[in-house]
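Here's the letter readout for the chains.
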Amino acid sequence: MSANKESWGSRVGLILAMAGNAVGLGNFLRFPVQAVQNGGGAFIIPYLVCFLVMGIPLLWIEWSMGRFGGKFGHHSTPFIVDTMGKNRMWKYIGVFGIWTNIAVAAYYCYLESWTLSYMMHSVMGSFNGLDQNGVAEFFNHYVNLDTSTTGIPYEPIVFFVICLLMNTFILSQGLAKGVERVAKIGMPLLILFGIFLAYRGFTITAGEQGAINDSSVGLNFLWTPNYDQLWSPSVWLAAAGQIFFTLSVGMGTIHCYASYVRSKDDIALNAMSAGWMNEFVEVVLGGAILIPISIGYLGIDRVTELVQLGGLGLGFKTLPYLFFQWGPVLGAISGVMWFGLLFFAGITSSLAMGTPWIGFLQDEFNWKRKPAAWSFGLIVFLLGMPTVLFFNYGVFDEYDYWAGTVSLVVFALLESILFAWVFGINKGWREITSGSDIKVPNIYKFIIKFITPALLLWVFLGSLFTPKGGDWGAALSGNWVLDNGSIIKKLMNSGLKEQLAAATDPAQIAQLEETMFFVNASRTLLVLVFLSIAALVYIAYKKRVREGRI
Amino acid sequence: MNASALVIMLITLISVTGITIYFFSLVLRTPPKPEPDSYLNNDDEVERQVHV
Numbered sequence: 001m002s003a004n005k006e007s008w009g010s011r012v013g014l015i016l017a018m019a020g021n022a023v024g025l026g027n028f029l030r031f032p033v034q035a036v037q038n039g040g041g042a043f044i045i046p047y048l049v050c051f052l053v054m055g056i057p058l059l060w061i062e063w064s065m066g067r068f069g070g071k072f073g074h075h076s077t078p079f080i081v082d083t084m085g086k087n088r089m090w091k092y093i094g095v096f097g098i099w100t101n102i103a104v105a106a107y108y109c110y111l112e113s114w115t116l117s118y119m120m121h122s123v124m125g126s127f128n129g130l131d132q133n134g135v136a137e138f139f140n141h142y143v144n145l146d147t148s149t150t151g152i153p154y155e156p157i158v159f160f161v162i163c164l165l166m167n168t169f170i171l172s173q174g175l176a177k178g179v180e181r182v183a184k185i186g187m188p189l190l191i192l193f194g195i196f197l198a199y200r201g202f203t204i205t206a207g208e209q210g211a212i213n214d215s216s217v218g219l220n221f222l223w224t225p226n227y228d229q230l231w232s233p234s235v236w237l238a239a240a241g242q243i244f245f246t247l248s249v250g251m252g253t254i255h256c257y258a259s260y261v262r263s264k265d266d267i268a269l270n271a272m273s274a275g276w277m278n279e280f281v282e283v284v285l286g287g288a289i290l291i292p293i294s295i296g297y298l299g300i301d302r303v304t305e306l307v308q309l310g311g312l313g314l315g316f317k318t319l320p321y322l323f324f325q326w327g328p329v330l331g332a333i334s335g336v337m338w339f340g341l342l343f344f345a346g347i348t349s350s351l352a353m354g355t356p357w358i359g360f361l362q363d364e365f366n367w368k369r370k371p372a373a374w375s376f377g378l379i380v381f382l383l384g385m386p387t388v389l390f391f392n393y394g395v396f397d398e399y400d401y402w403a404g405t406v407s408l409v410v411f412a413l414l415e416s417i418l419f420a421w422v423f424g425i426n427k428g429w430r431e432i433t434s435g436s437d438i439k440v441p442n443i444y445k446f447i448i449k450f451i452t453p454a455l456l457l458w459v460f461l462g463s464l465f466t467p468k469g470g471d472w473g474a475a476l477s478g479n480w481v482l483d484n485g486s487i488i489k490k491l492m493n494s495g496l497k498e499q500l501a502a503a504t505d506p507a508q509i510a511q512l513e514e515t516m517f518f519v520n521a522s523r524t525l526l527v528l529v530f531l532s533i534a535a536l537v538y539i540a541y542k543k544r545v546r547e548g549r550i
Numbered sequence: 001m002n003a004s005a006l007v008i009m010l011i012t013l014i015s016v017t018g019i020t021i022y023f024f025s026l027v028l029r030t031p032p033k034p035e036p037d038s039y040l041n042n043d044d045e046v047e048r049q050v051h052v
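Protein chains in written order, with UniProt numbering: chain S, 1 to 550; chain Z, 1 to 52.
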């Protein structure tokens, strides 16, 4: 018998935990950058369309798969998917739902630990008096593990360990007393902090406190629609990709949380409520902070440059400097709110990443909650240390690309096929609508069967064969040259090889060669972790056969 | 702000906020199902027990 007898404390707690799982750092750092890079206000059209035809169906699919698996006592994807398809290989596809979480948690907890550390530095006034380059250098020193202003040796490692201990302790307290309690505190605080910063983002006046632009300049930059870009497949691909990352679909966390819901209870309304809550945080709050504040103080040209470096650069290298333009007290408060908001966004997601592994050990090997949680902490520590120690050698990015990007698309594609075509859309539809507190529109039966898998296939193929510079026009007219960002070229390390061929400085060549080594080593490590989990699934399967449970 | 940016922004912000509030309020207004349900906190509420 499984040692897993957990339950959620309340319906609102479950929804907040699910919303917290979805709301992550990407809501504040990735969404606004994606919007700016893909047509401004026009990006929101493909984004919302993808939410309606891909995001919501995937939420319903994953919630109902989870609740269905829970009926048989399964709380992780390998055996949840195993109950839905006759082919024995499905459980190995389900390995993605554990592997992705462990691999993502390994670098995500490090990222989360930055927010914890930056909260402390905001209170200490470490950024007070620094110019923008000073704040950027602070970040560079931080990730290089150089001496910090606190004098704590190896401060990033200390904060990484603190962050992991917090995650592990909360996970060890169980669903209702740990995960749900944090979500009930963290989500309202996150929204409160977000509203305060959004208000600041909407009320910047040129000439006051060092601002060079009114808020309206930044908001214009973000929301002015460029309708020409609406016809670009790259924009649609970016919108579909953003929907993946923001909803945490294709990870296995939603299945795990939903597996604790009884079959007579609603999932359709729960999924809608949690999903739209995530959209509120992303579009309404996320769109009102990073870009309007940055443009208010730095101008469009500088922000356009910074946007090319991604949201992390703006969030950690720029905003702390801008907050202190509001004075030391408001600067410190805003810094605590910004990094506090990111921290709550992060921890509610990383806690979700721990639950599939814990559920798996409880179900299959009768582990108690506490040792299972501590084993998760230990694995994430061991797998995460390379991202801390070799951050500048691309280890962090490599984990993010394979586990946090490609894997989500692959698993979501396969689970949508499993649900709609192998399990069957009629049985699947019954699972979605059973116990539902809302009328699920019938059109979604068609969308889930045809549109969602087709869109997912397109996203996967588009990522596999991305044309150079995202120029689909040239590609479709016969000149299909692969971009270095495509999965195939990435696998071949083409971008790195090109840089290496062009480099003349011996120091740069040595750095690139080391990067190549660490990139390949990271991939090998990730593959080994996947194979180890697959081996555990095989052992669990054999154990089930021995015990007559199959 | 220019008109097209303002229109897109307002429509988006108002619709997303409105739909979020609508679904969350629906969750709060929907009466829970009789015991045994999925949630621990209401297990002892006498009026929700099923009488056989």
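Honestly, the hints are just simulated from the structure, not real lab data.
Heads up, a few of these hints could be off.
In silico DMTMM-like cross-links for lysine to aspartate or glutamate, where the CA-CA straight-line distance does not exceed 20 Å [stated by the list, open to error]:
id : chain 1 : residue 1 : chain 2 : residue 2
1  : S       : Lys317    : S       : Asp483
2  : S       : Lys468    : S       : Glu498
3  : S       : Lys497    : S       : Asp483
4  : S       : Lys264    : Z       : Asp43
5  : S       : Lys5      : Z       : Asp43
6  : Z       : Lys33     : S       : Glu498
7  : Z       : Lys33     : Z       : Asp43
8  : S       : Lys264    : S       : Glu513
9  : Z       : Lys33     : S       : Asp437
10 : S       : Lys317    : S       : Glu305
11 : S       : Lys497    : S       : Glu513
12 : S       : Lys489    : S       : Asp400
13 : S       : Lys177    : Z       : Asp43
14 : S       : Lys317    : S       : Asp131
15 : S       : Lys317    : S       : Asp437
16 : S       : Lys71     : S       : Asp146
17 : S       : Lys177    : Z       : Asp44
18 : S       : Lys5      : Z       : Asp44
19 : S       : Lys449    : S       : Asp471
20 : S       : Lys184    : Z       : Glu35
21 : S       : Lys439    : Z       : Asp44
22 : S       : Lys489    : S       : Asp505
23 : S       : Lys71     : Z       : Glu35
24 : S       : Lys368    : S       : Glu6
25 : S       : Lys184    : S       : Glu305
26 : Z       : Lys33     : Z       : Asp44
27 : Z       : Lys33     : Z       : Glu45
28 : S       : Lys71     : Z       : Asp37
29 : S       : Lys5      : Z       : Asp37
30 : S       : Lys317    : S       : Asp146
31 : S       : Lys370    : Z       : Asp44
32 : S       : Lys264    : S       : Asp471
33 : S       : Lys264    : Z       : Asp37
34 : S       : Lys264    : Z       : Glu35
Now for the hints, and whether the structure bears them out:
1. Lys317(S) / Asp483(S): violated, 29 Å
2. Lys468(S) / Glu498(S): Given pair lysine 468(S), glutamate 498(S) holds - Cα atoms ~14 Å apart, limit 20 Å.
3. Lys497(S) / Asp483(S): Holds - the C-alpha atoms of aspartate 483(S) and lysine 497(S) are around 14 Å apart, at most 20 Å.
4. Lys264(S) / Asp43(Z): holds, 16 Å
5. Lys5(S) / Asp43(Z): holds, 15 Å
6. Lys33(Z) / Glu498(S): violated, 61 Å
7. Lys33(Z) / Asp43(Z): holds, 11 Å
8. Lys264(S) / Glu513(S): Distance ~57 Å between lysine 264(S) and glutamate 513(S) Cα, so the pair is violated.
9. Lys33(Z) / Asp437(S): holds, 10 Å
10. Lys317(S) / Glu305(S): With Cα atoms ~13 Å apart, lysine 317(S) and glutamate 305(S) stay inside 20 Å; holds.
11. Lys497(S) / Glu513(S): holds, 9 Å
12. Lys489(S) / Asp400(S): Holds - the C-alpha atoms of aspartate 400(S) and lysine 489(S) are around 16 Å apart, at most 20 Å.
13. Lys177(S) / Asp43(Z): holds, 16 Å
14. Lys317(S) / Asp131(S): With a Cα-Cα distance of about 11 Å, the restraint between lysine 317(S) and aspartate 131(S) holds, given a limit of 20 Å.
15. Lys317(S) / Asp437(S): Violated. Lysine 317(S) to aspartate 437(S) sits at ~45 Å, over the 20 Å cutoff.
16. Lys71(S) / Asp146(S): violated, 51 Å
17. Lys177(S) / Asp44(Z): The given pair, whose Cα atoms are some 17 Å apart, holds under the 20 Å limit.
18. Lys5(S) / Asp44(Z): holds, 18 Å
19. Lys449(S) / Asp471(S): Given that 20 Å is the threshold and the Cα spacing comes to 30 Å, the pair is violated.
20. Lys184(S) / Glu35(Z): violated, 23 Å
21. Lys439(S) / Asp44(Z): Violated, because 30 Å separates the two Cα atoms, which is more than 20 Å.
22. Lys489(S) / Asp505(S): violated, 25 Å
23. Lys71(S) / Glu35(Z): With a Cα-Cα distance of about 17 Å, the restraint between lysine 71(S) and glutamate 35(Z) holds, given a limit of 20 Å.
24. Lys368(S) / Glu6(S): OK: lysine 368(S) and glutamate 6(S) at ~11 Å, within 20 Å.
25. Lys184(S) / Glu305(S): violated, 38 Å
26. Lys33(Z) / Asp44(Z): holds, 14 Å
27. Lys33(Z) / Glu45(Z): holds, 12 Å
28. Lys71(S) / Asp37(Z): holds, 13 Å
29. Lys5(S) / Asp37(Z): Within the cut-off at roughly 14 Å; holds.
30. Lys317(S) / Asp146(S): holds, 16 Å
31. Lys370(S) / Asp44(Z): Not satisfied, since the Cα-Cα distance of roughly 27 Å exceeds 20 Å.
32. Lys264(S) / Asp471(S): violated, 49 Å
33. Lys264(S) / Asp37(Z): Measuring from Cα to Cα gives roughly 8 Å; hence the hint holds.
34. Lys264(S) / Glu35(Z): holds, 10 Å
The structure shown violates the earlier hints numbered 1, 6, 8, 15, 16, 19, 20, 21, 22, 25, 31 and 32.
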